[in-house]
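The whole structure should be built from the sequences, with the hints applied where relevant.
The residues making up each chain are set out below.
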Amino acid sequence: MVDLNELQTFEHDVLVIGAGGAGLRAAIQCAALGLDTGIVSKSLLGKAHTVMAEGGMAAALRNVDKRDNWKIHFRDTMRGGKFLNNWRMAQLHAQQAPDRVRELEDWGAVFDRTQDGLINQRNFGGHRYPRLAHVGDRTGLELIRTLQDHGVHQGFATHMECKIIGLVKDGDRIAGAVGLWREHGRFVLFKAKAVIMATGGGGRCWRVTSNSWEYSGDGAALAYDAGAELMDMEFTQFHPTGMVWPPSVSGVLVTEGVRGEGGILLNNKGERFMFNYIPERFAPETADTKEEAARWLSGDKNARRPPELLTRDVVARAIRSEVQAGRGSPHGGAFLDIANQRPADYIKRKLPSMYHQFKELAEVDITKDPMEVGPTLHYFMGGIKVEADSQMSKVPGLFACGEASAGMHGANRLGGNSLSDLIVFGKLSGDGADAYIKALPADPKVDGSQVSAIIKHATDILNREDGPNPFVVHEEIQEIMGEGAGIVRQGDELQTAVTKLGEIKPRIESVKAHAAPQFNAGWHEALDLQSLVTVGEAVARAALMREESRGGHTRLDFEGEREEWQKYNIVVSKQPDGGMLAQKVERPDPPEELSKIAYAKIEDLEAGNV
Amino acid sequence: MSKRTFRIWRGDAEGGEFEEYTVEVGPGMVVLDAIHRVQAEHASDLAVRWNCKAGKCGSCSMEIDGMPKLGCMTRLGDYPESHTITIQPLKTFPLIKDLVTDVSWNFAQNKRIKPLQPKPRDADGEHRMQQEDVDRIQEFRKCIECYLCQDTCHVLRDHDRKDAFVGPRFMIRVGQLAMHPLDTEDRIPAIKEELGSGYCNITRCCTEVCPEHINITDNGIIPLKERVVDRYYDPIKMLLRKVRGA
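Residue numbers (my numbering), protein chains in the order written: chain A, 1 to 610; chain B, 1001 to 1246.
FYI, nobody ran anything at the bench for these hints, they're computed from the structure. A few of these clues could be false.
Using 20 Å as the maximum straight-line C-alpha spacing, the simulated DMTMM-like pairs for lysine to aspartate or glutamate come out as follows [unchecked claim]: (1) B:K1142 - A:E105; (2) A:K348 - B:E1139; (3) B:K1142 - A:E183; (4) A:K359 - B:D1078; (5) B:K1114 - A:E103; (6) B:K1114 - A:E105; (7) B:K1119 - A:D106; (8) A:K394 - A:D225; (9) A:K512 - B:D1045; (10) B:K1142 - A:D106; (11) B:K1091 - B:D1012; (12) A:K456 - A:E183; (13) A:K348 - B:D1012.
This is the structure we're talking about:
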């Protein structure tokens, strides 16, 4: 039993877990509302996965095309999400994104400019108009650095290189969290009236992923264990363009900005194959000839968009189909060509980090030669189920925002809607936590036995005599997910994945980390396994239940969208016996006003008739 | 696949030594890949920081054959096959364990720099800036905070004057604010006094090791030094100050 008086303890009104764009924006809001706020990050401040976002943040600023407005952004988001989004979240996002982007300028962000000196906006997949505020192809870095540099002056406490290993509750309510300092391996208790999960997704369940080691699904798993529900876990976004060669960088992201700036996809026969994969729903708005696509690229506002800018799920499946048909590139991808579409100096100016990434890691000069690209696990549309306006989960006092939460993006996220999601819902979760704390009748109490159990579970890994190597077990999880819950899925394979994940759990409970607790990579890996297997199982169970193909979930045995499935989300929760339950939960009818906008004709939206 | 040997520093603030590890290496592999192999096969407690593995987050800073570099952007193929690559932690910062150092001093410096003080928005609620006016500060904002420039800076590395000079990283941080079209703060006194611009003697080592290829010295530090000189050492202004008794 741990003596709570001996344990290092911090007391905050709000503890924000995760210091990417969503977590930092949440902490800034909490501090602005006068709450005593702490933010915890697994890495150093400013290194979170947000830095990897490249293309931009979507907001109907109307700086480049005056026809844009929040309604069209909302409609694009719903169409991209295959109408499975939380209607209210998609509305809040489209309405509030412009203000959230503008305020970043006051905090030091320096976006690329239009001729008039305003924030420039670029085209992206699924967005009707140029909508993405951007800085070359390093927009995520700009966002995180802006929030970091602004944030350090707002008076919240920053707890770096700390992994949260368990949540503590007082009855039903959240009461705090237990953490582990990566540096020296000692434990810490955070007492908090509210906790905001901003931990991102769980891409490390797969081997080919654009995600860093931090993406082990900690937030979803911790919340699930604490009684929160997970939703839409079957919708995992495979970004169509990850690097495929050399092997050591397979999965590293190649920004959609390459296609936004005019890049085209070719198979090994030199065919521009995306023209063969235009879905019916998008046909009226997609160019069907190279000539029309070229006119669009040169700025003709009457031309329709090139098919390379269809939504990510469509493009990723198209590349996979070409490879399966034997028309792939030498290393099993497709060719992405910008060299023949734009002059070299333009490419270097608009896509500088892509230029360097390929030059230095693959010895390819993208101003001369095509890139080889293929799908890579990039993003979780699913996550912790929250209430739209407050971002609170089923557990009182437990909030979630950004990729860790579910609902905003439905079955498929549009590029550029993630960075704007972070700042819109980061702020709203801060507002939600503030309202919750104000209404709290009494401060929650921390129960020492819960803290002890969490710490013992972690130290057992070091103390036991022998056990499996955590790195090897992680590879086994990746193999199971790659084989059973990849970009295309089948019932029997998903069932196998569920079974195998069940079998691996006892191994995870017996892994052994060697040597001392100080900055021990093996121990940290062992602790991440707990989260990985939980989110992996949630993905596999939800994917098995959804018998249709929609957005980021493709079933070979149930092709195409099925109308009856549009009525349901799949919700995963922990049962009293510890088992995982997946359930179909009926979606409420959309508000009529929003339904009208989402299904309106584009001409009517542009003319202001809706 | 072939085998390759690496000499990696193992130890903590108390002391330590280089240890040799041999692992299989394949085409396109970078130093960080080799370290991960060592972790998985030989030393699961080997401490190293990393995140994005694509040169975008600046976590895996280390000294490779004596040069400050990012482990994720240093290809094994750049070294002769039989050569044993030596990997050690950044020298300028206190060692925590193996390849991990305590870089918290840098975060403390950032906090000393006053944030942007923007001028009011135009009447329509917009800020207007021309692209050519932000090009040069966008160059500085490419910084990924890997601190390789801090590691190589003589003032910090050899003379340990962390008390007097914030280092190249934070010179371009304050530089981007001083050159920001919207900023209203007079930053020259802080650049001279608290941040210590005079300590830089323009050896350009920081620029050489920058993985983002930011021209730290010529585009950042030198223009700031010139502003300080214009303010404090212009002979006419010095005379005026004397006359006015300021």
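Quick rundown of the hints versus the structure:
1. B:K1142 - A:E105: holds, 16 Å
2. A:K348 - B:E1139: Between A:K348 and B:E1139 the Cα gap is close to 13 Å, so the pair holds against 20 Å.
3. B:K1142 - A:E183: violated, 28 Å
4. A:K359 - B:D1078: holds, 13 Å
5. B:K1114 - A:E103: holds, 18 Å
6. B:K1114 - A:E105: Holds. B:K1114 to A:E105 sits at ~16 Å (cutoff 20 Å).
7. B:K1119 - A:D106: Judged against 20 Å, a Cα distance of about 9 Å means the pair holds.
8. A:K394 - A:D225: At roughly 12 Å apart (the allowed maximum being 20 Å), A:D225 and A:K394 satisfy the hint.
9. A:K512 - B:D1045: holds, 12 Å
10. B:K1142 - A:D106: holds, 19 Å
11. B:K1091 - B:D1012: holds, 13 Å
12. A:K456 - A:E183: holds, 19 Å
13. A:K348 - B:D1012: Cα-Cα ~42 Å, so violated.
In terms of the numbered hints stated before, the structure departs from hints 3 and 13, listed from lowest to highest.
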